[in-house]
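Next come the chains, spelled out residue by residue.
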Amino acid sequence: MTTTDRPAAPPVRTHKQDRTWVGKSIRRVEDPKFLRGRGGYIGDMTVTGMLYAAVLRSPHAHARITGIDIAEALASPGVHDVITGARAAELCDPLPDFGPDPTKHTWRCLAVDKVRYVGEGVAVVVAESRYLAEDALALIDVEYEPLPALVDPERALADSATLVHDALGSNCAYERTFDFGDVEKDFAEADVIVTDRLRWRRSGGQPLETVGAVADFDHATGRLTVHTNSLSFTSYLFMVAGTMKIAANKLDVRPVPAGGSFGSKLFATKPAVIAGMCSREVGRPVQYLEDRVDNISNCDHHGSDRVYDVRLALMRDGTLRGIDIDTIEDYGAYIQFGVGHHGNALAQVVGPYAMTSVRYRVRAALTNKNQQGAYRGFGSEVNNWMLEQIVDKAARELGVDPVDIRRRNFIREFPHFIPTGNVYDSGDYDGVLDKALELSNYKHWRAEQAKAREEGRCIGIGLITAQERSVFSATEFWFWFDEPAAPVTSMPESVTLKVDATGAITATLYSCAFWGNSPETMVAQLVAEEFDCDPHDVSIVYQGSGNGLPATGPGGSRTTVMLAGAVEGATAKIKAKALRAAAHLLEADPDDLEWADGGFQVKGVPEQRKTLAEIAVMLHLFKHSFPDDMESGLEDSTVFDHPYTTMPSADRKDLGVFYPFMGHACHVPVVEVDVETGAVSFLAYAAVHDCGTLVNPRSLAGHIVGGTAQGIGTALFEEFVYDEEDGQLLTSSYLDYLIPTAMEVPELAIGHHETPSPYTLHGIKGGGEGGRMMAPAAINVAVNDALAHLGVRVTELPITPDRLRAAIRAAGAAREAR
Amino acid sequence: MKPPPFEYAAPTSVAEALELLAVHAQGEARVLAGGQSLVPLMNFRLAQPGHLVDLRRIEELTRIRAEGDTLVLGAMVRQSHAEHAPEVALLAPLLAEALGYVAHPPIRNSGTVGGSLAHADPAAELPAVALALGAELVVAGPQGTRTVPAADFFVGAFSTALEPGEILTEVRIPRRGGGHAFVEFTRTHGTFAIVGVASVIEVDGGGVTRASIALSGVDAVPVRAAAAERTLTGTVPDDATVRAAVDATVAELSPSADVHGSTETRIDIARATLRRGIELALTRAQDRR
Amino acid sequence: MDKYDVTLTVNGRTSTVSVEARKLLVDVLREDLGLPGTHIGCEHGVCGTCTVLRDGASIRSCTTFAVQVDGSEIRTVEGLADGATLHPLQDEFWDKQGLQCGYCTPGMLMRACEIIEQNPDVTPEQVREGIASNLCRCTGYQFIAEAVCSAAARMKADADAPRGARA
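Protein chains in written order, with my numbering: chain A, 1 to 818; chain B, 819 to 1107; chain C, 1108 to 1274.
Be careful, since some hints might not be right.
[What the hints assert, rightly or not] Stretch-level coverage of chain A by chain C, calculated; a stretch enters the list once three of its residues show a Cβ under 8 Å from a Cβ in chain C:
{"hint": "1", "region": "252-265"}
{"hint": "2", "region": "706-716"}
{"hint": "3", "region": "731-743"}
No lab work stands behind these hints: they were computed from the structure. In this text, all values refer to a predicted model and were calculated from it rather than measured experimentally. Glycine residues also receive a C-beta, built at the ideal position from the N, C-alpha and C atoms.
So that you can see chain A by itself, here it is in the shape it has in the complex (with noise of 0.2 Å):
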């Protein structure tokens, strides 16, 4: 697709310039019921009759189930019922996957004649209490023959006689190599080519509260009612219908606040499930609830788990001009969400960097791990850490400052297409860059730096500068095939608005309560802007699946753009309404009357007015004072579509426009790291990001924050460790798989830059993965850099101490051996 042909881009919008309320750090109004122990999670609640199921892990990586024995189980005090992997086959059928061919790595809720890694689901036990159902299930007997675990992901590609799922026929579920821009020619014409190989170790979401889900079958209607703290069910609701073998218009999946997710219970279909089918079969409400071994070890969301051989290609000034990347990703036992998290890397694949062309081979192992799902990032995270490494390594080989080769290499002009297709809408690189520099002090640290390596000391600065895509479309979870089975092309977010006889406004969402992020504050925020109402006293309400609209819910950092498109569009139509209204009141055309402090007034005439409550009592209770085709009430609604996507090319040579609304952040840590014990410190740590306009600037600041920590978890601590030989996962508690603390987490020095989008309401763009995005990569960079005079460079995540002394140890004995 040359530019010519390009479909045209939406148009470009003006921003409204005196904002009151968007750009506020207003106190959340989700905050007083959680502040107060009343948040209402999936947990608190109680059903009259309600029971509890507890699901029998898998104790092997890899084997056959070759009977179960389940009569002591259900002879065990307070147990209704024991379910068996083979009963729920029959039960339920296969769980909604999206994968690239779910008849041949075909998904269930309870693993039925194998098990394919360890903490798999291979029965669920129904009892009156958490206690009695853990008790049953130690008396659940299993016979397994144990088979090969495949744990490394390379391994398992080349090994046939030992297949995760045999109607696969090998443990590839996906590969394909895209050539985007002309990569020979780049690669011909450079001046050099660096080379790197990666390894970006699993780490997972872990929010603190567990995925679960409270179902209650009813068998006189049919109905199935689910709460649970996952998400997505609104547009996707059918498949899971159709797992439960219900009409989907019989089940009605209500949301409930989600105590973290950071991706980790996007569509998380599994405890709703087993719960569902756990009430069917007992005829009373069941809770499943994951405990913390669970949701470590049968969670379906570990995070990417990749190797890299990538090559890049410049000139000798620093100036890049193409990129070749070779990955393969361990998928675990499952592959859910297809590679789609390469679509989140191929988003922004080039950075913020003026590259022509990418090479991307993307291989998905099959492994008998935990399946991979969503981890703040999805993926793209990844991509940033690998860019980064890799610049950062060609700096250094070619002697160029770090600073320099990114500056040098800066997107300058917007709206600019990447090699890949994809969009960046607006952008100011130097702009951040610039904050970065004087907010980190970074001159300030680099004498810091030489004075401490004469001491001996080992500092280091690890200054990135990413992407933070935001806004996913429908396109990038088929793109991949030529034939895809499900081409759609709409992933909406809805809002109601409702204005009550009073002037008071309700606004209805669709998709999930809440998980962490602030649907509420942001909503009541847009809400007050366009109303001029004080924000705490718009009333959200979230409606369940049964009678919602379309919805999709957080994920791809989208909520707030969306909300946002939805909020506009229902605001539009119920101002054109009160406009009508309020026209008919004061007897003057509609086209003489303005929107000015919270109702319409004639122009100039400021004191001919009706109130947007005047409006509304009338418009409720007066019906006789308007003309016969005004309808009473105040509430409309908007289905919002995504405002930019285009489709992508035949040959998939251009992918188009899928992820528009592209943030950037510069982050700037500085490391020390302790030689002797491998064990790594910060010194400090700024990051600037730009996410368009901001709306409540303090909650983007929480995501940078805490997107951070877990960057740091994922570059330092955290790693679902398998164990190589028989699989075993050797982290299967917080004993082993570390968490940040406060003491590991530096007080970050944030700079936020606002660089609209031109296509979005007030120019927002999303910002929810924050931290996370960057960090890895920043601290790998810090790392490398306090150690470049040692010859160390690590190429592997976590950096836990036991990598970064063997790092050294190696460079020693190499350094004693010349």
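Fit chains B and C to the given chain A structure using the hints.
Below, chains B and C alone, put in the same frame as chain A:
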């Protein structure tokens, strides 16, 4: 992660507790102290005692007292109580310092001194401190009371000289002069240490007259850094002496690899941590003169 | 299994419940006493989500059997606010956005309560080390630490104010 069922009793005297343990010996009776190790194990169902004898009501076990120059801690003294007790600060500042490294304050508010010693986790702080300070552990049993030196108390990972039916009632710690230091290496704040070093070093006129150093995390039981103690004693230590002392001890170590570190890395970390512990203890010893 | 009577004074109100010895304090609070504000995070004593105060000292209610605290005074998040008036810690957490998903918040608030009650002059460094006992997955701790510091300052100012000046 809910614990399995058990019978429970909370006697008010050691005699009563011993009797309960005897009566329920067939029912896998165990002593419950603060529960900060046992209850998590039960939640994982890795421990399934049939009967728990909770010592919390036995008042004599909750007291801290000084007997001359000996600090006497009841086994049920909460770790946070001991951490801030003036008697501990005076008679065993090494213990007070080490207690600050035991997990986190909310754990120490429940966890007990005796519980940690009897649990005998190889990575725990207090066993190493007891070993370094030459503590004596007082054990009550059906046959009466016996005293076990710390060096004989820890017999393996999570295994002690306590016989079934016996209760650890008291820890007696002789006062030591000189400089003390507890240092450890953890991956994140408050998690189990990869290596811990408990040191007390006495100096006279710059020369080391006595050094007592114990390490945790390097073996199934806490170990004395005997080679380092020998190397330091009788010298006026400089950097080279300290390095030699550290090397002598580290040469004897062979810690098991686990998910947090290979044997080599654990040795590297032990080397650095031991040196820092010795240096800190020496500095404090010299400052105190 | 036998049941045991456990008497607890929770947020000033004394109740006796009859529970199995194995029932964890957190489950007794949530299920038997109707106080779901204390949450369950890891059930092995690491994350601190279940933190409550026993006789003024913070403990993990997920690694404590209710029978172990028979006769104790327990404070939970539900006891912090005085009717419509939030406790200064709650108010400062709100103001500084010291929470996002709110799940760790009750445990964090109770731990912060203990930190300030033990040391009204607590420094920012001590606050950071103090709250390291409790994991938060959302905030990165920075605004929690800010909130605790400003609550401490407010509580100290309130305590130091002459009697008549207090609201």
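How the hints compare with the structure:
For a cut-off of 8 Å, the count of residues in the region 252-265 of chain A with a CB near a CB of chain C stands at 6, and the three-residue condition holds. For the region 706-716 of chain A, the stated coverage by chain C holds: 5 residues have a C-beta nearer than 8 Å to a C-beta of that chain, and at least 3 were required. Under the rule that three or more residues need a Cβ within less than 8 Å of chain C, the assignment of the region 731-743 of chain A holds, with 7 such residues.
The structure shown violates none of the earlier numbered hints.
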